[in-house]
Amino acid sequence: MQPDSQLQDLPDRGFNRLDWAVAVMMMLLWGFNIIAMKSAVDSAGALPGAFLRQAIVAVVCLPFLRIVPGRMKLICTLGVLSGGLFYVAVGLSLKVTNNVSALAIAGQLGVPFSLILAVIFLKEKIGIPRLIGIVLALFGVLLLVFDPAAGKELPAIAISAVGSLIWATATLIQRNLGGIGVLNISGWLGLIGSLVILPFALLLEPDGMALLPHLSAETYAWTAYAAIGSSIGGHGAMVWLLQRHSVSTVSPLTIPTPVISVAFATWWFGTPLTWLMIAGGLIALLGVSIVAVRNAQKARELAEARLMKEGTRS
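Quick note on numbering: the sequence shown equals residues 1 to 314 in UniProt numbering.
Be aware that one or more of the hints could be misleading.
What the hints assert, rightly or not - Per label pair, the in silico range of CB-to-CB distance:
(1) P206 <-> E301: 34 to 40 Å
(2) K309 <-> L122: 32 to 38 Å
(3) L122 <-> L65: 26 to 32 Å
(4) M72 <-> T266: 25 to 31 Å
(5) L286 <-> K73: 39 to 45 Å
Unchecked claim - In silico DSS-like pairs for lysine-lysine, Cα to Cα no more than 27 Å straight-line:
(6) K125 <-> K38
(7) K123 <-> K73
(8) K309 <-> K123
(9) K309 <-> K73
Quick caveat, the hints were computed from the structure, so don't treat them as lab data.
Predicted model only: the values in this text are computed from it and were never measured.
Every residue, glycine too, gets a C-beta built ideally from N, C-alpha and C.
Input sequences plus hints: build the corresponding full structure.
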């Protein structure tokens with residue numbers, strides 16, 4: 001059994017059809033979540049909405065909640081980081097911003113942060129092609145929010161950057177939770193996360209907490225989507241993928257999410273879709289494609305090397 005104090009990574013392998021299906025589902029669930037989050041935050045408030053979201057996750061996953069001997073320290077740490085503090089940062093950034101799209105800049109810092117942490121702590125090696133792909137993807141995302149008004153959102157961007165670092169740290173922990181049911185992990189994230197968010201919400205938005213029992217059915221429905229669709233479905237898919245592939249392979253798959261979010265927001269809220277947004281989306285997708293192709297090539301090379309080594313031994 002793996003000690004809690006160690007962070008290790010598993011050998012990577014290529015994505016099969018099921019892996020890609022799960023990855024696409026994850027991106028779509030997270031992409032549509034911007035509509036649910038905006039609608040819920042407008043009605044319930046940032047931190048009360050985050051608390052309600054995690055409480056719903058805890059209740060839905062309660063039947064699947066189990067003690068995991070030897071790994072509860074990692075699970076509790078993940079719950080504090082990914083289930084609690086991450087949503088505190090997201091909530092506070094939404095609370096102090098007037099331009100939600102500007103947060104997409106700092107939100108994408110999770111990808112380079114996770115790769116840097118993986119190189120430092122997991123000794124992962126990232127070649128030049130994947131670095132180029134990630135740079136292209138990040139540049140494409142930056143184009144989506146290349147607006148002078150974004151410069152006025154520095155406090156929100158800074159808080160969101162802290163949230164990205166928390167998310168990146170959590171991905172390292174998730175790599176060490178293989179063999180644990182996704183709903184079990186989601187349940188712990190919801191339970192621990194709601195307990196972490198609660199004091200922040202009571203301190204910073206007490207009026208919003210008092211109004212939770214009086215929210216409309218529509219607000220509860222949006223929050224339920226954020227909880228079940230994004231937290232359980234989306235994050236569950238991320239955990240499932242991280243249990244099977246390296247951090248450097250999985251984390252770039254989150255890059256298209258803001259592109260998808262812009263598309264959904266344009267369709268739902270009727271916001272204009274400019275040529276700059278289209279260009280940014282295409283560049284981001286090009287970068288992710290480079291990363292995906294290089295990952296597949298690397299996986300084939302490793303598989304061929306193992307086969308040759310086994311053939312030599314026999």
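Okay, the hints, checked on the actual structure:
1. P206 <-> E301: 34 to 40 Å: With a Cβ separation near 57 Å, P206 and E301 fall outside 34 to 40 Å, so the hint is violated.
2. K309 <-> L122: 32 to 38 Å: Violated, at about 23 Å.
3. L122 <-> L65: 26 to 32 Å: 28 Å, holds
4. M72 <-> T266: 25 to 31 Å: The hinted range 25 to 31 Å is violated for M72 and T266, with Cβ atoms some 44 Å apart.
5. L286 <-> K73: 39 to 45 Å: 41 Å, holds
6. K125 <-> K38: The given pair, whose Cα atoms are some 38 Å apart, is violated under the 27 Å limit.
7. K123 <-> K73: 23 Å, holds
8. K309 <-> K123: 23 Å, holds
9. K309 <-> K73: 38 Å, violated
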